[in-house]
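Participant: Taken in sequence, the protein lines are chains A and B. Residues 1 to 255 (this note's numbering) are what the first sequence spells out, left to right. Residues 1 to 90 (this note's numbering) are what the second sequence spells out, left to right.
FYI, nobody ran anything at the bench for these hints, they're computed from the structure. Using N, Cα and C, we set each Cβ at its ideal position, and we do this for glycine too. Treat each hint with caution, since some may be false.
Stated by the list, open to error - Ranges of calculated distance between the beta carbons of each label pair, as one might list FRET restraints:
hint, chain 1, residue 1, chain 2, residue 2, range
1, B, ALA59, A, ASP119, 36 to 44 Å
2, B, ALA59, A, GLY132, 51 to 59 Å
3, B, ALA40, A, GLY132, 41 to 49 Å
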Amino acid sequence: MSENESDDDARTDGSGSGIVAPDDETPSWSERKERTQGLSRLTYEYFERGRREDQDLRQQSDYVERDVLAFPAWPHEMMRNLALTSFFVGMILFVSAALPPEMPNPANSGVTPAIILPDWYLYWSFGLLKLGPLNPDLAILGGSKIMADRTYGVLANVVVVGFVAIVPFLNKGSARRPVEQPFWAAVGMSGVVFSFTIAALSIKNLIPMDSHLLFDLTFLLPVVSATITYAVLKTMREGYMFTLNRRYYRLRPPK
Amino acid sequence: MADEFMKGFAALMVGGLGWMTIAGWYRTPSFEGAQLIGEAPPAESLTVFDTAALLLMDAFFWFAIFGCLTFWVVLPIVSELREYLDERSA
Numbered sequence: 001m002s003e004n005e006s007d008d009d010a011r012t013d014g015s016g017s018g019i020v021a022p023d024d025e026t027p028s029w030s031e032r033k034e035r036t037q038g039l040s041r042l043t044y045e046y047f048e049r050g051r052r053e054d055q056d057l058r059q060q061s062d063y064v065e066r067d068v069l070a071f072p073a074w075p076h077e078m079m080r081n082l083a084l085t086s087f088f089v090g091m092i093l094f095v096s097a098a099l100p101p102e103m104p105n106p107a108n109s110g111v112t113p114a115i116i117l118p119d120w121y122l123y124w125s126f127g128l129l130k131l132g133p134l135n136p137d138l139a140i141l142g143g144s145k146i147m148a149d150r151t152y153g154v155l156a157n158v159v160v161v162g163f164v165a166i167v168p169f170l171n172k173g174s175a176r177r178p179v180e181q182p183f184w185a186a187v188g189m190s191g192v193v194f195s196f197t198i199a200a201l202s203i204k205n206l207i208p209m210d211s212h213l214l215f216d217l218t219f220l221l222p223v224v225s226a227t228i229t230y231a232v233l234k235t236m237r238e239g240y241m242f243t244l245n246r247r248y249y250r251l252r253p254p255k
Numbered sequence: 001m002a003d004e005f006m007k008g009f010a011a012l013m014v015g016g017l018g019w020m021t022i023a024g025w026y027r028t029p030s031f032e033g034a035q036l037i038g039e040a041p042p043a044e045s046l047t048v049f050d051t052a053a054l055l056l057m058d059a060f061f062w063f064a065i066f067g068c069l070t071f072w073v074v075l076p077i078v079s080e081l082r083e084y085l086d087e088r089s090a
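One chain only, chain A, in its complex shape (with noise of 0.2 Å):
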């Protein structure tokens, strides 16, 4: 007896007509028990109907198919960010609730400090006006320079900001994943390690270090970085299969 003329039994074991779910998608008891109380008894009805809402929505005449089918917002997305939102509202309660305030003495605003710094997420930027040593003395003016160190400092954080600005025009980051531009990851990689190694230059005085080893490092170790991330990231594209990605989201094209 072939497949194709055992119409009227019922089939259990999912290779039929797929009215009949597979064996391996079927809920075991223990499964569906689990289910029926608490908070898997909740997350199952939202999956459930979100997965039933979809499935409306497919099913009206006036639905236009997309290319990315995500979860809602209601509940999914708004469930994690609620969660995401309590573990930090949390910790900030936690720490300032456990933990000793912090009481130092009063600042007094008639003594100028021993060192003066920004703030530490500014110390790049500072950093940038000690590029004194870059500034070039040219021989058709006599050995002399053609603009003050200062003012040679000023405009290296107009350089660099630039650079950042136009990163993005240069490419519009069609890729997902590293992996995807090498090169382009490369050079965002000495940008984050030129960032830091800008700022350890700015506290020169405080590091341990040759301060004019320092000020090479500080260029050296950026094309390092971007050398070792161009050779790892180009020997994991060997075989990765991020083609399918790229077709998976066709509503970013590339370019």
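Given the structure of chain A, go ahead and fit chain B onto it with the hints provided.
Facilitator: Chain B alone, transformed into the frame defined by chain A:
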């Protein structure tokens, strides 16, 4: 496997936060020097509660270390070994 990760992570978080809180009170003599690992107060000035808190601080610390090591390293190795031995004997 995800459960094992979460258990180890929970041990690390609970132990770490507990250690950080108590060390913030007892091992941070000033906010301009070593924090959390600074000088503990001398033993003769401690009350019973202080001694208990310092004991709890060490307990939290080692709970964080051994908790995550257990769930991330030891238990997976044990299960791998068991699978290997089962395959070998089968």
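Participant: The structure should be examined with respect to each hint, and the outcome stated for every one.
Facilitator: Checked hints:
A hinted range of 36 to 44 Å for the beta carbons of ALA59/B and ASP119/A is consistent with their spacing of about 37 Å. Between ALA59/B and GLY132/A the beta carbon distance is about 54 Å. The supplied range of 51 to 59 Å therefore holds. ALA40/B and GLY132/A have their C-beta atoms about 47 Å apart, which keeps the hinted 41 to 49 Å range intact.
Going down the numbered hints, you'll see the structure goes against none, and every one checks out.
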